Amino acid sequence: MKGARIVALAMLGIAVLVSSCDKSIVEPNASLPPVEAASVDANAGSWKMIVLSGPDQVVVPDPTPVTGAAYQAELQAVKTAQANMTDAQRAAVRYWTGAGVLRWNEIERELVARYNLPPAPRADGSYPLPDAENPFSDPVFPFSNPPYAARAYSYVSVAQYEALKAAWYWKFRFNRLSPARNDPAVATAVAASALPSYPSEDAVLSGVTAEMLKLLFPASLEEITRKAAEEREAAILSGRATASDVAAGLALGKSIAALVINRARADGMSTAPGNPAMWKSLSDAAAARGETPWQSQETPARAPLLMNFGTVKAWTMTAAQVTALEPGAPPSTSSQQMKDELATVKNTIDNLTRDQLAIALKWNDGAGTATPPGHWNAIASDYVRDARMSEVRAARVYAMLNMAMHDVAVGCWDTKMKFFNPRPAQLDPSIKTMIGLPNFPAFPSGHSTFSGAAATTLSYFFPQARASFDAMADEAGISRLYGGIHYPSDIREGKAHGTRIGEWVLNVARADGAN
Amino acid sequence: MPHCAPLLPRRRAKRAAVPRHLVRLATALAITLGGARVLSAQTLEDAEMLQRREVHASVTYASEGWSEYWEGTLRRSNGNVGEVTTQSVGLRVGVGVGQRLTVIGSLPYVWTEASQGVLHGMSGRQDLTLLAKYRVANPLIAGRVRLKLLAVGGLSTPTSDYTPDFLPLSIGSHSKSAITRLATHLQDRTGWFFDGYAERVWRSNVTLDRASYFSDGHYYETNEVAMPDVAMYRGTLGWQRGAWCIPVGVSAQRTLGGADIRRQDMPFVSNRMNATTAHAEVMYFLPRTSNLRLDLGAAHTITGRNVGRSTAFMTGFTYAFHL
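If you read the sequences in order, they're chains A and B.
Numbering follows our numbering, in which position 85 of the first sequence is assigned residue number 95; successive positions increment by one, without gaps.
Numbering follows our numbering, in which position 186 of the second sequence is assigned residue number 203; successive positions increment by one, without gaps.
For reference, chain A alone in the conformation it holds in the complex (with noise of 0.2 Å):
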């Protein structure tokens, strides 16, 4: 049986190959290279501010001399710290130094995805409400669907646009230079930047960034604290910073968020989620204009995600403005184009293609992960990445897409609860979807919106990609009908209104001094 004895051997060996086969995962971004600005964007403290009256608002104190004992030592200090790194210490340095604000943007994006999970029913058939006092019980808190999380991206980069223009501004006002250039004898981990580097960026993004995601995710302090600190860390360690640039960004990183969240705490969120009274008084609304009214197809029914989220504050626009260009109304459903669309979603779903399968599924989006804004904020990065920008400017191509998609989810919300359009899968219970089925009204399509409004921006701020972002938007959009979700003309509709909150958004842009 020689034969069988070369099968065997030949068995083991596959299965040892197999074992020893490398099953790490590598993702794309682990490792950013270190941002060297092409601009070091001198004129930002001008720059428009959104929220703070001014760059001043918040007063930072003067630095000591660079000559002064205090300023040796703290740069004695530095000299001595990155004498004594450890590797972890050396790691950090490394990933902060590919730019906070990715790396932010990256952080928000998985807290984002860790909190999107609906509340399980009890077993009475109600849901019980997240709750912002008792983050850690079950329900979690928040429930980071899109619309809260479109909000907490726009405040997270508002907040950061505010606190670095507000940096910017003082550190030209006192320009003292970063410690490599005070000091040769100081190691940097990329060339010594021309930034002067008091209040440190990278303090006052760690102070600002940690509060606004302790308000919103606040189960993740600790979390979120230690990055901070890491971040802070890394940039005296990186030869960027000394303890009192550190100290000084902090505060002013701090003061900033604390102006921010007073407008979070007053913009309506907390009634967002509605009521009973309230469903059923939409519901009776659509019944009495002749329309079937949109029901949840989950078992116990649940209310509609964030049903009151149209009253929550804009941040460019007021609500009669949001109003003004929402999209009007949808088909009828008792019309002969809803039944044309709903045998167009039903004709789909029968034969879907698996490159069509790929789509739904590629723009899926659904619980669990970091939302179509967080989709589109991992797209931008990778412009922003490539775009060699200084923070501030960073910072800024992040508030305004951000801000564009917030704007966007309170129309396209508002528009969702005036008409209370069934989705496919209720007006043909024979349509079963390719992906989850989201427990709100169809019309217009949030992924087209939010989609529309952001490839309306990014083609503003890269404008190379414009063709790139209108196809990934429309893909976005088409992945809905390949889910079975949508109607076409709730995602025709939902783009165009996500265009004209774009094209809206970029107003304030054009206009901000940064160009």
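Among the hints, erroneous ones may be present.
Claimed, not checked - Straight-line distance between alpha carbons at most 30 Å, and here's what the computed BS3-like set of lysine-lysine pairs gives:
id : chain 1 : residue 1 : chain 2 : residue 2
1  : A       : K237      : A       : K264
2  : A       : K58       : A       : K323
3  : B       : K193      : A       : K224
4  : A       : K372      : B       : K193
By construction, these hints were calculated from the structure, which means they are not laboratory data.
Treat the numbers as computed from the prediction; the structure is a model and nothing was measured.
Since chain A is already given, all that's left is putting chain B on it; use the hints.
For chain B alone, coordinates are given in the frame of chain A:
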């Protein structure tokens, strides 16, 4: 001598012919939400060795369903799927290559559905599994108990482009795997037998259609998912007499890593899918045909983690012939 009679008479007289038990185990032992060893491996479990040039061809139908599952360690139901049913039709061919080497191939077609909610069922050709069983030793102990030791190795690979990213309705994990197993078989002259094995399944990483996913506390921004390996253990006690053969046993699947399903989350392909399953089979040699056997089986997952609390039934026919 009572035993599961061979389907075919031996072509050559053998010294102390060993009664071949025919533990055609039913199925779906590693019943999972769609994980490692669903219905694909259903009939690859036994220690049966075929004669040289003997061929067994089987057609099986299996159906498993669950209306409760373990979300991590929490046993629950979910109104948005109701009862999830996985059915399959499988083809299996075993060939005796030599007295000590038997090769088996199996390929199921699988389709899934949920009794409630809006999620679409999935269907397709699942994974081709090839196993080679090599008989290492075959001693007679104390003149009355035959001990058989087998070394088993195999490979499994998806045969269609199904997605693993739609659990619990995906038809499989879409992972390539390599299987190694040490199996033992003990049979005495009164018709009792014992089968047991320990197995390790190495699984390749899988690729999703999306560029990010959350698993094990981390948000991965890549489409590649690390798949933890799987250990399988199985013990079966059986009895054979005349045309009947009845094995009963327990199997345990332990996924060597992976995360729990989070509260109210969907299951994910790399979850830690564990299952302890009881199974029973009945094999009956049809009268007046020397080479056709009816196989029936049932299995139930007693306890698990990130898998359905499933009950499965299998039926099939095995036809034997010489090349």
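Of the hints given before, which are not true for this structure?
-> Hint 3 alone not satisfied by this model.
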